[in-house]
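Enquirer: Sequence:
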Amino acid sequence: SRGCQLSLIIQKNGKAIHDRLLQKGVISDWRHPDVIRVAPVPMYNSFQDVFEFGQILLEAIIEHA
7 SRGCQLSLII QKNGKAIHDR LLQKGVISDW RHPDVIRVAP VPMYNSFQDV FEFGQILLEA
67 IIEHA
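Numbering (our numbering), first residue to last: 7 to 71.
These aren't lab readings, by the way, just hints derived from the structure by calculation. There could be a bad hint or two in this list.
Claimed, not checked - Pair ranges (Cβ atoms, derived): (1) L28 / A71: 24 to 32 Å; (2) C10 / Q61: 16 to 24 Å; (3) V41 / L64: 26 to 34 Å; (4) S52 / Q17: 23 to 31 Å; (5) P39 / E69: 15 to 23 Å; (6) P48 / L14: 16 to 24 Å; (7) M49 / E69: 12 to 20 Å; (8) H70 / D35: 17 to 25 Å; (9) I15 / E65: 15 to 23 Å; (10) S13 / H70: 14 to 22 Å; (11) L12 / I68: 15 to 23 Å; (12) I67 / I33: 17 to 25 Å; (13) M49 / K18: 32 to 40 Å; (14) A71 / M49: 27 to 35 Å.
Note that beta-carbon positions come from the ideal geometry of N, C-alpha and C, so glycine has one too.
All chains, full assembly: derive it from the sequences and hints.
Expert: Structural data, given as structure tokens:
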């Protein structure tokens, strides 16, 4: 009841984006064919952590567009 998980459907270059997230230190999970899963659990992640993830994700998407 207190956990969370985001399943992000990435239709283009999803695996490359996932790999870039890992390179940047983001712990995530790749699910074939097009899903990146992340879990910004409030007990362990701050607002700043989530904001930085958003920036890293945006950069990775732009890089692999």
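Enquirer: Take the hints in turn and mark each one as holding or not.
Expert: Hint-by-hint comparison with the structure:
no., hint, verdict
1, L28 / A71: 24 to 32 Å, "violated, 19 Å"
2, C10 / Q61: 16 to 24 Å, "holds, 19 Å"
3, V41 / L64: 26 to 34 Å, "violated, 18 Å"
4, S52 / Q17: 23 to 31 Å, "holds, 30 Å"
5, P39 / E69: 15 to 23 Å, "holds, 20 Å"
6, P48 / L14: 16 to 24 Å, "holds, 18 Å"
7, M49 / E69: 12 to 20 Å, "violated, 31 Å"
8, H70 / D35: 17 to 25 Å, "holds, 18 Å"
9, I15 / E65: 15 to 23 Å, "holds, 19 Å"
10, S13 / H70: 14 to 22 Å, "holds, 19 Å"
11, L12 / I68: 15 to 23 Å, "holds, 19 Å"
12, I67 / I33: 17 to 25 Å, "holds, 18 Å"
13, M49 / K18: 32 to 40 Å, "holds, 33 Å"
14, A71 / M49: 27 to 35 Å, "holds, 34 Å"
The earlier numbered hints that this structure contradicts are 1, 3, 7.
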